[in-house]
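Participant: Single-letter residue listing:
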Amino acid sequence: MILEVTNLRVSFRSERGLVRVLDGVSFTVDEGEVLGIVGESGSGKTMTVLAVMGLITDPNAVIEGSIKFRGRELVGMKPREMRQLRGKDIAMIFQDPMTALTPVYTIGWQIAEQILTHQKVSKAQAWQRAIDLLAEVGIPKPEEAVHRYPHQLSGGMRQRAVIAMALTCNPALLVADEPTTALDVTVQAQILDLLRKLQATHGSAIIFITHDLGVMAELADRIMVMYAGRVVERATRDALFADPKHPYTLALLNSIPPLEGERPHRLQTIAGAPPSLMNLPKGCAFGPRCSRKFAACEDRPTLTSPPHETACFLIGAK
Amino acid sequence: MTALYEITNLSKRFTVGSRFSRQGKRVVQAVDGVSLSIQPGETLGLVGESGCGKSTLGRCLSRLYEISDGKLVFDGTDISTLSTAQMRPLRRKMQMVFQDPYASLNPRRRVFDLIAEPLRIHLSLPDAEVKSRVAGLLEQVGLLPDHAQRYPHEFSGGQRQRIGIARAIALEPKLVILDEPVSALDVSVQAQIVNLLADLQERLKLTYVFVAHDLSVVRQVSTRIAVMYLGSIVEIGDADSIFDRPSHPYTQALISAVPKPVNSEGRKRIILTGDVPSPINPPSGCRFHPRCPVAQDKCRVDRPTLTVANGRTAACHFPII
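Taken in sequence, the protein lines are chains A and F.
Note that the first sequence covers residues 157 to 474 in this note's numbering.
Note that the second sequence covers residues 294 to 614 in this note's numbering.
Be a bit skeptical, because a hint or two may be false.
Restraint ranges, calculated between C-beta atoms of paired labels, are given here [to be verified]:
id : chain 1 : residue 1 : chain 2 : residue 2 : range
1  : A       : 276       : F       : 307       : 47 to 53 Å
2  : F       : 418       : A       : 416       : 45 to 51 Å
3  : F       : 357       : A       : 424       : 33 to 39 Å
4  : A       : 172       : F       : 435       : 25 to 31 Å
5  : A       : 424       : F       : 296       : 32 to 38 Å
6  : A       : 224       : F       : 307       : 52 to 58 Å
7  : A       : 307       : F       : 567       : 42 to 48 Å
For the chain F half of the interface with chain A, some residues (derived, Cβ under 7 Å), not all of them [to be verified]:
id : residue
8  : 476
9  : 479
10 : 550
Derived lysine-lysine pairs resembling BS3-like cross-links, with alpha carbons at most 27 Å apart [said to hold, decoys possible]:
id : chain 1 : residue 1 : chain 2 : residue 2
11 : A       : 353       : F       : 561
12 : F       : 553       : A       : 353
13 : A       : 234       : A       : 276
14 : A       : 401       : F       : 498
Hints listed in this document are in silico derivations from the structure and should not be mistaken for laboratory results.
Glycine included, each C-beta is placed from N, C-alpha and C at the ideal position.
Using the sequences plus the hints, can you model the full thing?
Facilitator: See the structure below:
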């Protein structure tokens, strides 16, 4: 086990009181495993990984619970220590490669800087390693590409450069937050293919966030579904797609228009919109939108035990 | 059946850069000789990657952009060269819904005024009539009457898109051009809007041009689909045949690239290499040839035009079907 998150709660102090954006999230990531996190906007998927990365810097944030990386506690760790870990042992790929790269330095400079920060190598060696990394992520003519600025590259190439940067120190854990959302489908297919190859060669564990269940099916070993800051279902990919147990997961899968076969007259929908975190419903957060709500849902459901974990009272109620 | 909208050889060029920049002024051929005919009551899906010109085409069709070349005949009127003032009465029959419901609604006006504006401008109705029409429109798009007194920021993304749709259908147009109407929405909300659009189309006998990059959504809503690449249509046909048996290699690659939640057996993914080339300096011959898995010598020099073969319309020298 490389990462163990236990009862993670993140709240923000606001004018209207404490807003809890993550409420008791627990999960583990094994060595070399790809854990997918799916959910809609505001479900807390990005906040979860920002907490893992130690990137919640808002002074009004309150982080409780435990995040253990290879046994070391990350919650409350000094920024100095965290910096040594980040980029070296845990690396992150962001959604928008344009904002993840600084526009005023060349790609090569940015990759070499990271190598020099974490490893005792000469500048020339770092530069050479940057070229090798760009070649590895499939950027054509890497010895020329190192001299390019981010704006001179296309979206797909930029995302490759960001991936190259994340791989500099061969991290044990790679966090990818919607890495293909900003890309076209044909380029997305290239990047997913690349991530799969890199995962096989480097053996890093990956936490992969997306709202696209199709992308998830391509990459993840295990999938965790989040709703309103809570985990509602977690299972292996095959189990989740073959037998989704939580009404939210099921509804999410059904609301995607099919790419093959008969087109339905109307799509299945989930009524309403995700709840505001300021004003969460009592009991099950999905209750007000759920078609199978019953009396028990006034209480908050807890996750059932593995392997197929579901936070729903329908399980076992029958 | 006479076409609602007949588009012949439409082109749109943009000039980029200035004479002071290093490369000087350059011309982007964003839409390049597109001919289309839109039938009343259908939904024409326009798909393609970013930069393929699908949004520009949508905006040319609604005459938000001046067109560079070509002829547009909408509902029997040649509108290719009409001035803004001359276009105004026609706007009643042709409305647009935009991608970003956050940007397309004036944040300082109440929902009532946003929806009432087209009614006041075009119909000069008495206040009481406007009021009841707005209430009716809100109901049609699934909002409550008391929502009328609120401001756009009080609504979620899906609700804002409903407001945009209410405004677009207020004048009972014949044609609605939808530019990525569900791309900014979450999956669960996206399905609601897709269904709403289908309901409205049935009830009001609307014709849609649906611009989107999400292929599964386009398949769901479209009667016919036009696939665009670098400013031109490379394949056009009815939605089912485009998806089940694509004729152009680009269409095939595009569809195969979409990740599916359900594992389908025997599906081979075609991964295209490289990116979409720049429309400033498009490749010679067939514009898709540098990325095409089956390109031959002829494709490098000779640009294919849309031709009908075996009941399929594609711009390819070596179509799959």
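Participant: Evaluate each hint against the coordinates.
Facilitator: Right, here's what the structure says about each hint:
1. One distance hint, 47 to 53 Å for the beta-carbon pair residue 276 (chain A) and residue 307 (chain F), holds here, with the actual separation near 51 Å.
2. For the pair residue 418 (chain F) and residue 416 (chain A), the supplied restraint of 45 to 51 Å holds, since their beta-carbon distance comes to about 48 Å.
3. Evaluation of the 33 to 39 Å hint for residue 357 (chain F) and residue 424 (chain A) yields a pass: the beta carbon distance comes to about 35 Å.
4. Between residue 172 (chain A) and residue 435 (chain F) the C-beta distance comes to about 28 Å, which sits within the given range of 25 to 31 Å.
5. As the Cβ distance of residue 424 (chain A) to residue 296 (chain F) is approximately 34 Å, the hint placing it in 32 to 38 Å holds.
6. For residue 224 (chain A) and residue 307 (chain F), the Cβ-Cβ distance of about 54 Å falls inside the hinted range of 52 to 58 Å, so the restraint holds.
7. Evaluation of the 42 to 48 Å hint for residue 307 (chain A) and residue 567 (chain F) yields a failure: the beta carbon distance comes to about 19 Å.
8. Look at residue 476 (chain F): its Cβ only gets to about 11 Å from chain A, farther than 7 Å, so that hint breaks.
9. This hint holds: residue 479 (chain F) has a C-beta 4 Å from the nearest C-beta of chain A, less than the 7 Å allowed.
10. With a least beta-carbon distance of about 4 Å to chain A, the hint placing residue 550 (chain F) at the interface is held under the 7 Å criterion.
11. At roughly 17 Å between alpha-carbon atoms, residue 353 (chain A) and residue 561 (chain F) fall within 27 Å of each other, so this suggested pair holds.
12. Taking the CA atoms of residue 553 (chain F) and residue 353 (chain A), the gap is near 19 Å; set against the 27 Å cutoff, the hint holds.
13. A distance of roughly 23 Å separates the Cα atoms of residue 234 (chain A) and residue 276 (chain A); the hinted pair therefore holds under the 27 Å criterion.
14. At most 27 Å may separate the alpha-carbon atoms for a hinted pair to count; residue 401 (chain A) and residue 498 (chain F) exceed this at roughly 40 Å.
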